[in-house]
Structure formats: structure tokens, C-alpha cells
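Asker: Required output: the full structure, derived from the provided sequences and hints.
The primary structure of each chain is shown beneath.
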Amino acid sequence: MPPDFRKIVFGLVIFLILVTLPLWTNLLRGTAPLEDPEISTRDVPGKDRCVREAEYMKANHMDLLNEWRETVVRDGERGFVTVDGRHFDRSLDRTCMDCHNKQEVFCDRCHNALAVSPYCWDCHIGARETKDGSTALR
Amino acid sequence: MDRRLFVKLTGLGALGLAARPALDLFAAAEIPAHSPLAQRRWAMVMDLRKCQEAGDCEVCIAACHQAHNVPKMDRPDEEIKWVWKESFHHTFHDQEHPYLDEQLRHGPVLVTCNHCENPPCVRVCPTQATWKRDDGIVMMDWHRCIGCRYCIVGCPYGSRSFNWQDPRKHLAEPHKDFPTRTKGVVEKCTLCEERLTRNQLPACVEACPAGALVFGDLGDPDSPVRELLKSRYTLRRKPNLGTQPQVYYIV
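If you read the protein sequences in the order shown, they are chains Z and L. Per our numbering, the first sequence starts with residue 1, numbered consecutively. Per our numbering, the second sequence starts with residue 139, numbered consecutively.
Taking lysine-lysine pairs in the BS3-like style, the calculated list, with each CA pair at most 30 Å apart, reads: (1) L:Lys210 x L:Lys314; (2) L:Lys188 x L:Lys368; (3) L:Lys307 x Z:Lys102; (4) Z:Lys102 x Z:Lys58; (5) L:Lys270 x L:Lys210; (6) L:Lys270 x L:Lys368; (7) Z:Lys47 x L:Lys314; (8) L:Lys223 x L:Lys368; (9) L:Lys188 x L:Lys376; (10) Z:Lys58 x L:Lys314; (11) L:Lys270 x L:Lys314; (12) L:Lys314 x Z:Lys102; (13) L:Lys321 x L:Lys270; (14) L:Lys210 x L:Lys376; (15) Z:Lys102 x L:Lys321.
Hints in this document: simulated from the structure, not taken from any laboratory.
Answerer: Structure follows, in C-alpha cells:
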């Protein structure tokens, strides 16, 4: 047995406790159940369907948004036609958020649960509820 | 293969390398030389007298800044401006003389981004966040701007502003028609590119009650801007710099 055996074991135990601390705290606190995003859309034409199939949107909406912003800002093309023939402006605020007008319980709820924080809202207005209860800023 | 043949063949191969740039030269010559005037080329003509006769009118500035969520900053050195008024002396200091008409020389001049033919801001931007479109608009991509401010230094007209603070705090009512910007990015006039695609005139041109601002296509010989440039003598800002501004002033 090496002379420092006790010290080494003691150190290892401390180390293990520190490393697994997040697990313990989570167990003690209990994780929040993952809430489904609430799909409520404002009264706009074709409001019962997204701009692409829901499965695609769920997995790839960030890619679609990237594509939209490149197309609009770099190529100057704004019109977008869905496969079922609905016409939209490629716009985060004026299309996505016009339909999904309850950002807190839709985009934010999902992102918060998954620790994603898009920086888009630094500039894009979004549709968070204001103090007087209206959703849009104007 | 003996050694001599190998060396000869290698030499021949190296000649091929030298031929490549020469071929490229010929290839380049075959691309049809398209004149910038053959396609759409937006420009603006400002009639200074009409503008100055309207006195303190700032309707165009208000319209632009409202349309684009441009904040009103408290400190003048943090000002954000897309279109604004400047003294004649500052605007045309290299084309001024003491015997000019008093009213002209002491009146303000409306200035904005000149959407230069040779924009220095584009040359210095390290991320291509600003670039010149085929129709001549010097466009900004706020998503790519890293706030290095080289373009501000590059622009000889002071047409670019930097957000030293969060602009949201200085906007009474930000609206959804145009995203705001954020602390740490540069912004400037885009010639209302977003309105042009909807077949609308730039906000300042539409708002001007005196008809002092004329907007149009330089590529069309019958366009109002071409008519004015033909019939009236016009000035451009700092012409000796070679930036070729596309905002023209009737004095």
C-alpha cells in the first residue's frame, strides 16, 4: 500500500462528488417536464398549416429561416409560394410571427426547454406579449 | 524513358502552366462587355433650390427614419442617420466659392448614402456585409456585420452610423415592417430596397412635398433622372475621389 493511500482515496471521492454534482442537484430539484409548444395561430389565411410540413418545420425551421434571410437580403427576392400554392413574404416578423403570434408559448417554450437562444430577437421584433396584453408591438 | 527526354517533357508540361493565364485572358475577353447603363442602375437627383425653399421641412427624414426604425439618440456623437441635413460648406467644400448665391451657400443640403459606383466601404468590409448589387444599390447585410467600422472610416461622406448603444431603448414605437438593429452594428440607407421590390418609391422621395427628390433608372434614357441630368447642370459630392456618387444635386 502506498504511503498516501488514504489521501488519494479521499481526493478521488471528493472528485467524484464534484463531477456528479449536476446529476444530484437535478435529482433533488426534479427536472421540469418538457412541455409541448402550444400551436395557436392568429386568424390569417391558411392558418391551420405551416409554410412547410410540420415534421420538416420541427426539425429544420432554423435552416429554412437561414435560407429565407439569404434569399431576401442577399438576392432581394421576397415572395415565397408554398407547395399548396399559398403566397407569403419571406419574413420572420411579418410571416412566421404573424401566424405564430404567441411567441412565449411556442418558440420560446421549446427553445427554453432545449437551452437554445436565438439572437434574432435583438433586432427582429418577434411577438412577445407586451404589458397591455397586445401581442404585436404595433 | 531516358533522362534527357524526361527533362524535355517536364519543360513542356511547365509551358502548359504558363499558357493557362494566357488562355484565361482570352476567355475573359469573350465575356460580353456589359455596360452598367444597359441594366437597371438606380440614382437620385436632388433639386437643392426646391428643397431649400421649403425651409425647415424635414418630412423626408422623418419618413425614412420612421420606415426603418431609426432611433433618435440623445448624444450627437452617437447619432444614427440614414438621410440628414448638412451645411453647403461641408457638403461641397471643394466646389464652393464666396460669390455663390447666399441662400444656396447658407442653406442646408440633404445628404444620404451616395450608392457610389466605386464604393470604398465595400472594398474595406472584411465580411462582405456590405456589397454593391447589380442595380447599383450599396446594400447592407446586418446579419453579417461584425461592427469593425472599417466601412465608416472608408466612406468619405459620413453616410454610415454605428450603434454605440441598444437602439431599441431610443425608439418610441418599434414596428414590424423593418427589423431594428442592435448594439455593435453599422447601418445606413439602402435606397429603400425593400420598397423598390414592392414597386414603391423610396420613402424620402415619396414623402417630399416639394418634389425636390427624383428617383429613377439611369439605364433608361427616358427616365426622369436621365431627363434632369441632361437638361440641368448637376454636382456630385467630392468628385475628385473617384467614387462616382449616384446622388446628383441641381444647384
